[in-house]
Amino acid sequence: NVVNVKISILIISFPNSLHPSIFSAMPAYKLYYFDIRGRGEVVRQVLALAGVEFEDIRLPRPSDGPQWAEFKSKTSFGQMPVLEIDGKQIPQAFAIVRFIASQHGLAGATPFEAAWVDAIADQWKDFHTEFSKYLFVKLGFREGNEDLLKAEHGFPSRDNFFPLIEQQLQETGSGFLVGDSVTWVDLLIAEAVQVIASAEPGFLDAFPEVLKHEQKIHSISRIKKWIESRPDQKR
Numbered sequence: 001n002v003v004n005v006k007i008s009i010l011i012i013s014f015p016n017s018l019h020p021s022i023f024s025a026m027p028a029y030k031l032y033y034f035d036i037r038g039r040g041e042v043v044r045q046v047l048a049l050a051g052v053e054f055e056d057i058r059l060p061r062p063s064d065g066p067q068w069a070e071f072k073s074k075t076s077f078g079q080m081p082v083l084e085i086d087g088k089q090i091p092q093a094f095a096i097v098r099f100i101a102s103q104h105g106l107a108g109a110t111p112f113e114a115a116w117v118d119a120i121a122d123q124w125k126d127f128h129t130e131f132s133k134y135l136f137v138k139l140g141f142r143e144g145n146e147d148l149l150k151a152e153h154g155f156p157s158r159d160n161f162f163p164l165i166e167q168q169l170q171e172t173g174s175g176f177l178v179g180d181s182v183t184w185v186d187l188l189i190a191e192a193v194q195v196i197a198s199a200e201p202g203f204l205d206a207f208p209e210v211l212k213h214e215q216k217i218h219s220i221s222r223i224k225k226w227i228e229s230r231p232d233q234k235r
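Numbering (UniProt numbering), first residue to last: 1 to 235.
What the hints contain is simulated information worked out from the structure, not anything from laboratory work.
Misleading hints may appear alongside valid ones.
Claimed, not checked - Below 20 Å or equal to it, Euclidean Cα-Cα: the simulated EDC-like pairs (lysine to aspartate or glutamate) are:
1. K138 / E70
2. K150 / D205
3. K72 / E84
4. K225 / E55
5. K224 / D56
6. K72 / E53
7. K133 / E113
8. K216 / E152
9. K138 / D118
10. K150 / E171
11. K212 / E143
12. K216 / E228
13. K138 / D122
14. K150 / E113
15. K30 / E113
16. K225 / D122
17. K225 / E70
18. K88 / E143
19. K72 / D35
20. K138 / E200
21. K216 / D205
22. K138 / D86
23. K150 / D126
24. K125 / D159
25. K72 / D56
26. K74 / E53
27. K88 / D122
28. K133 / D118
29. K88 / E55
30. K125 / E113
31. K88 / E113
32. K133 / E152
33. K125 / E152
34. K224 / E113
35. K212 / E152
36. K150 / D180
37. K150 / E200
38. K212 / E171
39. K72 / E113
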């Protein structure tokens with residue numbers, strides 16, 4: 001009892017040196033992106049899944065007002081999304097999600113798993129570069145020959161990418177893309193699948209494991225809550 005009393009006195013007398021985490025304020029997170037889902041959505045979902053409170057700052061698209069032009073000069077790379085933590089910026093969606101995921105157990109359980117998470121994300125980038133040439137026209141964000149773009153970019157990119165994801169899910173057997181727990185790349189792929197399936201029902205029916213995966217990820221409590229509360233946007 002005597003020892004306990006002395007320790008208590010020391011903690012009260014020197015709180016900052018002994019327990020700085022208790023007395024320091026939590027960091028303030030601000031996420032800047034356009035008022036769409038886009039590349040910012042995986043960041044929002046990773047923050048939501050990690051249980052990190054953040055200010056979701058949505059700027060109008062450049063065609064809808066001057067806010068982006070005004071903010072652009074304040075960013076590191078002249079792009080969004082940007083995560084601001086206590087006034088310090090992190091640019092680029094994947095850099096942001098890796099930063100958050102690595103602190104909250106969402107980047108893979110081992111270095112090997114983390115490498116696979118990154119590999120699938122990089123493969124998605126290649127897919128997205130091609131598929132978006134069709135998808136953005138399909139969704140009305142760009143003008144173009146929808147049928148031609150579907151034939152030249154939609155079908156080929158789909159048939160190159162989703163068999164790999166289907167196989168990966170079959171191999172893990174866990175319902176997750178890497179290992180036996182959710183990682184940020186699960187959120188990335190599930191979001192892409194949801195956008196595609198909504199834009200063109202039946203387009204991914206040849207990939208049942210991919211569709212089951214999307215349902216599984218979007219049924220996770222925190223993700224489900226986020227989806228239900230976010231603005232209703234097709235992309």
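Earlier hints that do not hold, by number: Violated hints (numbers, rising): 1, 6, 7, 8, 9, 10, 11, 13, 14, 15, 16, 17, 18, 22, 26, 27, 28, 31, 34, 35, 36, 39; every other hint is consistent with the structure.
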